[in-house]
Amino acid sequence: MSATEAHVPLLEVDHLEVQFFTRRGVVQAVRRVTLSIEKGETLGVVGESGSGKSVMAQTLLGLTELPGRITGGDVRWKGQSLVHDAESTLARVRGREIAMIFQDPMTSLNPLLSVGQQIIEVLRRHLGMNRQQARTRAIELLDLVGIANPTARVDQYPHEMSGGMRQRVLIAMALSCEPELLVADEPTTALDVTIQAQILELVADLQQRLGLAVMLITHDLGVVAGLCDRVAVMYSGKLVELASADELFANPAHPYAAGLLRSTPRLDLVTERLVSIDGAPPDLVAPPPGCPFAARCSLATDECVAEMPGLHSLEGGRKVACWRPFEAGQPGGRS
Amino acid sequence: MGRYIVRRLMQGVLVIFGVTVFVFVITRLVGDPVKFMLPLSATEEERAARRAALGLDDPILTQFIRFLGDLLRLDLGESTFVRGQPALGVVFDYLPRTLQLVAIGIILAVACSIPLGVIASRHPGKAVDRLLTTASLIGLSVPQFFLGYVLVIGFTVRLPWFQTGNGPWHTNLVLPAVCMALPAIGRLSMVVRSAMIDELNAQYVKVARAKGLSQRRILGVHALRNAGIPYVTLLGWEVIRALAGYTVVVESVFNWPGLGFMAKKAINEQDFFLIQAIVFVVAVMVVVINIAVDIAYKVLDPRVKLS
Amino acid sequence: MTAPDGYTAQHREEEQALDAEENLQGRPFELSAVQRGGLFGDLVRDKLGLLSAVFLVVLILAAVFAPLIAPADPNQGDLGRVMYSPVWNGGTWAHPLGTDWQGYDVLSRLLFGARTSLIVGVLVVVLAGTFGVLVGLVAGYRGGRTDRWLMGWVDVQVSFPGLLLAMLLIALVGGSVASVSIILAINGWMVYARMTRGVVLSVRERPFVEAAEMVGATPSRVIFKHVLPNLFTPLATLVVLEFARIILAEAALSFLGLGIQYPGVSWGLDIARAGDHELFGNQWLIIYPGLLLTLTVLAVNLLSSWLRVALDPLEREKRFAAAVTGKSDSGAAL
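Going down the list, the sequences are from chains A, B and C.
Position one of the first sequence corresponds to residue 544 (my numbering), numbered consecutively onward.
Position one of the second sequence corresponds to residue 120 (my numbering), numbered consecutively onward.
Position one of the third sequence corresponds to residue 1376 (my numbering), numbered consecutively onward.
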């Protein structure tokens, strides 16, 4: 930390450790992950299933449930811990300063209550509005997220809406109290591709208008490209690279990130085959002592297998956890 | 909605018809309705004469058609046991008592099962849950007639707090109502518990927590409402179970002069007309309750389409 | 330090195994090797479930060997030996639990009553279960009109007042183990039919069936191959629950005098007799059969709830995690 960075970032994840206690063993879901988000910044968190990104996101609002438990590290919001003695902080922050939207719009809404009721209850809870005020605001919010005919829609039930519309409702709900951070956990995975684009545009638009910070969690690099300022790449519970979006796409440092980029189909380059990354992620119950990616990495050396690379800081706030960064070559194909 | 009710009523009519026909056929074919109508000293000629008078010598089909006609006029014959009274009338004389008993029992059951189930679901596997679950299991395992006797022994013989038989509600209705309610509380609280556990694990509850809603609201407004759907199903079934059967047992133990008590007597005395009438009325009640449960679903769950 | 949950011993074993394994680097380990005996091992650890199982085994043995171990013929009342006290109260070993006011030996009646309850339970479950599952299979498998008619029949019969009709039938036909079993089976097959049909329908919905159909294969064999394994768990749970319900139903009918009748022996019958005669006298004569009834049904219910947890892997996982994390403190120290 340089002398000029004495300020407190908006959100700080500090050596966070989350474990799941199962019959098969203790699963190391999140292994000493450290990252931060500044005000108004958009951070993309990318990783495949099992990389620990969703688990990490859930710790932000204290949503970690059995069999999972936070076993180490801290998460801090404006300097205050959300993990230790955090009851009152969480109560203050949830839904109000940090809002979260989840992957499946189908099950995220209570089927028995109207969409309006579910927005109104948040407004009444945090902003103390009366029913009339809350209803008016709810209609405004529905309009803000691009739902046509909001006055009619506000009394409808979730099953009367399409997936994309439900996700918009969830976004409206999340933004109702004007939070400072929006955490979006795979917000478009369950939606059609065309709807995906619309939702992402909406989030980008709202982010600019409201000056929100956004943590966008996804396994899809394409989603990250248009929206995010910085990108954190997670693998097997660890943070393996942290860079600005431009830097990452132009010149990935970590072989895994490079592999991901190579395997993403692109319209502007002609590739002969889709390149995938061989192998599978390691067992999280007994993770290997060295780099988790070593088994699949074409550059792996004995050092990589034996010793875990720490998170090295590079210039410009960039970080990578690899013994041989930048050697994986450019995202490939001929143009 | 109206069309739906009509359709269900028609299904109900089918059920009622089915039951009544069943009883009719069984009693005519297997039993001898006249057997107990006359004193034991009656001669065979007198019995034969009686049978002829009642049209019981006619071919079954003729009898059946006549029966249907009578049924439509709600004439279910005369009870032999309660000398000469119209059977249906007898039923309605004793019905209110049973309804009292069942109503209080059900109210008790609902009032106890919901809080118990919710408490148990908050910390599954911990001490409170295990205690409540075990208590519920015991409650639903005890045979109701045995429970009745235990209550009678405990609270009328040993500790003379209550009485049995016909009497003022605060002394005489308490024990039978508790007896009716206890197994129901056991079953219903188990349903509440498991439904609440399911709901509390649902995604929308996670979202509600992320929204910062109070635990009370999440439990009461969100989870409980969703848990209400299986609960209402079981509740309807409990009411039917009570009305259509277990009042007989409880009323026998406590000498409560209701329909169940009467049903047992009617069956023992082979008073077929009365049996017919009782079964008919019970079937009607069952149909009504089933329709009520369906309507309750519609009220609870906007997804339900009843067309 | 006591854990609130019966998994303490298991957890300790596993912690030790974890320690042992952690010394071998990089080798993924399987804890299941430590859990001896799988399902059976689980039963041993769940104390209530174990107790229930033991109780039922003892009961079954007692019922099977009743003719050999009963001190007397349960239907032979010796009027010369009326109202004997149990052995611990000054009675004789010839009548260990005493006799009642008609000279019947209490223990013998209890043993033979157990026989009745268990036999009726098994008979009804077999009869009703077989018929119900068959109907459900046919309805689910054939669909269309067959399904509608069969389920229509189920719906109608389900609305029949079961207890009343059973009473009526017994009154007309007479009460014996056979008649009671048949009548209870007639009243109780519907639930099996509905459940089975549900399973068949859910299997038919699966994508691989659709795929098979698209390729031109008849889904029938595929469905059949997959229905039976999916049927096992819900059927097992249902059978156990029904067993408990039947025991209570038979007891209620016998209590009303419209179930098992003389010369049959039933706990329900004994409760009625004693209730009529000894409510203000020797109340133990009511309590013995009643208590046995309650314990038997309770044991079956406990076993069924254990069974449900044991057969559902998600439930087991949750229970385990709750126990482990309840014991280990979060200790967020780095």
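FYI, nobody ran anything at the bench for these hints, they're computed from the structure.
These numbers come from a predicted model, not from an experiment.
Incorrect hints may have been included.
Unchecked claim - Computed, partial: chain C to chain B, Cβ under 10 Å:
1. 1458
2. 1532
3. 1606
4. 1610
5. 1647
6. 1649
7. 1650
8. 1666
Said to hold, decoys possible - Negatives, chain B to chain C, calculated, CB over 10 Å:
9. 133
10. 212
11. 257
12. 260
13. 261
14. 263
15. 336
16. 383
17. 386
18. 394
Using N, Cα and C, we set each Cβ at its ideal position, and we do this for glycine too.
Comparing the hints with the structure gives:
1. Residue-level restraint check for residue 1458/C is violated (minimum Cβ-Cβ distance to chain B is 18 Å; threshold 10 Å).
2. Hint status for residue 1532/C: holds, given a least beta-carbon distance of 8 Å to chain B, under 10 Å.
3. Of the supplied interface hints, the one on residue 1606/C is violated, with its beta-carbon coming no nearer than about 22 Å to a beta-carbon of chain B, more than 10 Å.
4. With 10 Å as the threshold, the beta carbon of residue 1610/C stays out of range of chain B, its nearest partner Cβ sitting at about 19 Å, so the hint is violated.
5. Taking 10 Å as the C-beta contact cut-off toward chain B, the hint placing residue 1647/C at the interface holds, the least distance being around 8 Å.
6. For the restraint placing residue 1649/C at the interface with chain B, the shortest Cβ-Cβ distance is roughly 8 Å, inside the 10 Å limit, so the hint holds.
7. Residue-level restraint check for residue 1650/C holds (minimum Cβ-Cβ distance to chain B is 5 Å; threshold 10 Å).
8. The interface hint given for residue 1666/C holds, since its Cβ lies 8 Å from the closest Cβ of chain B, which is under the 10 Å cut-off.
9. Its closest Cβ contact with chain C, about 6 Å, brings residue 133/B to no more than 10 Å, contrary to its assignment away from the interface.
10. For residue 212/B, the condition that its CB be more than 10 Å from all CB atoms of chain C holds, with the nearest at approximately 18 Å.
11. With a cut of 10 Å on Cβ distances, residue 257/B falls inside the contact zone with chain C, its closest approach being about 6 Å.
12. With a minimum CB-CB distance of about 4 Å to chain C, residue 260/B fails to clear the 10 Å threshold, and the non-interface call is violated.
13. Listed as outside the interface, residue 261/B is inconsistent with that label: its C-beta sits roughly 5 Å from the nearest C-beta of chain C, within the 10 Å cut-off.
14. In this structure residue 263/B is not separated from chain C by more than 10 Å, as the shortest Cβ-Cβ distance comes to only about 7 Å.
15. No Cβ of chain C approaches the Cβ of residue 336/B within 10 Å, the least distance being about 25 Å, so the stated non-interface status holds.
16. At the 10 Å boundary, the C-beta of residue 383/B falls inside the reach of chain C, the nearest C-beta of that chain being 6 Å off.
17. At the 10 Å boundary, the C-beta of residue 386/B falls inside the reach of chain C, the nearest C-beta of that chain being 5 Å off.
18. With a cut of 10 Å on Cβ distances, residue 394/B falls inside the contact zone with chain C, its closest approach being about 6 Å.
Comparing the model with each earlier hint shows violations of hints 1, 3, 4, 9, 11, 12, 13, 14, 16, 17 and 18; every other hint is respected.
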